[in-house]
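Here the numbering used here is used: the first residue of the sequence shown is 165, the next is one more, and so on.
One thing to keep in mind: the hints can contain errors.
[To be verified] Now the in silico label distances, taken between C-beta atoms and shown as ranges: (1) Ser234 with Asp317: 18 to 24 Å; (2) Gly277 with Arg221: 25 to 31 Å; (3) Ala239 with Gly349: 44 to 50 Å; (4) His296 with Leu250: 32 to 38 Å; (5) Asp317 with Arg247: 44 to 50 Å.
In case anyone wonders, no lab produced these hints; they're calculated from the structure. Here the structure is a predicted model, which is why all the values come from computation and not from measurement. For glycine and all other residues, C-beta sits at the position ideal for the given N, C-alpha and C.
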Amino acid sequence: ATRAGAPARPGAARRGIGDPQVRARGTLGGSVANNDPAADYPAACLALGATLETDRRSLAADEFFTGFFSTALAADELLTAVRFPLPLKAAYMKFANPASRYAMAGVFVAQFGDGVRVAVTGAGSGGVFRAHALERALQASFAPESLDDAVLDAAEMISDLHAGSAYRAHLVLTMARRAVAACNGEVLHRPLRHGGAHAYESPQRASPDAQA
C-alpha cells in the first residue's frame with residue numbers, strides 16, 4: 165500500500181508528483197526504473213530511504229539510482245515492489261517547468277528518529293542526489309532558517325535553456341526551506357527571485373486552508 169502511513173504521499177500525489185494521466189495509468193515502479201533526472205518519484209525513494217525489490221534481489225535507494233536515465237537494474241531484471249519506511253515528518257516541494265510540469269528543482273525532505281534525508285531532483289548534473297550539506301544543517305536544527313548558511317556548488321547543477329546552474333542552486337535551497345516549513349506546519353510566503361542562494365524567507369504559521 166502506498167497511501168497508508170506515508171505522510172508526504174497523499175499531498176504529493178494530489179499536487180506535486182506526475183500529472184493526472186501518469187497518476188491514473190502510470191506506475192511508481194515505471195517512473196523509478198526509468199529514472200528521468202527531473203522525475204518526482206526517484207526523489208521520494210531516495211529521501212525516504214526506500215528499498216527496491218526486484219525479481220532477484222533487494223536494493224537500497226542509495227545504490228539504485230546511478231545517473232541520468234540509469235539505475236542498477238540489469239537488462240533482464242524486473243522491479244517488482246518499492247517499500248518505504250515510515251518517517252516522522254516528510255514533505256516534497258518543487259519548482260515546476262510551466263509547460264511540462266517536470267521539476268526544474270524538486271526537494272524531498274524526510275525526518276527520521278535517527279536523522280534527516282534530503283533528496284533533490286531536476287537540478288543535479290548527475291540526476292537525483294542526496295544533499296548531504298542540507299541534511300547536516302537540518303540534523304542540527306530542523307527549521308527553515310537552519311539552511312540560511314547552506315552552500316550548494318552551482319557547478320554540480322544543470323544549466324540549460326530553462327535555468328542556469330546558479331539559479332537552480334537557489335531554487336534547491338528555496339524548495340528545501342519550503343519543504344521543511346511544510347513538515348513543521350508552516351508556509352513560506354516570500355516569492356522566488358533571482359539572486360543569491362542565501363535569500364531568507366520568514367516562515368509563517370499556515371492557515372487551515374493554506375496551500376504549500
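Hints versus structure:
In this structure the hint that serine 234 and aspartate 317 lie 18 to 24 Å apart at CB holds, the actual value being about 22 Å. Under the hint 25 to 31 Å, the C-beta atoms of glycine 277 and arginine 221, about 27 Å apart, fit the expected range. Checked against the hint of 44 to 50 Å, the pair alanine 239 and glycine 349 passes, with Cβ atoms roughly 45 Å apart. Remark: the range hint 32 to 38 Å for histidine 296 to leucine 250 is contradicted by a beta-carbon distance near 22 Å.
Between aspartate 317 and arginine 247 the Cβ separation comes to about 32 Å, which falls outside the hinted range of 44 to 50 Å.
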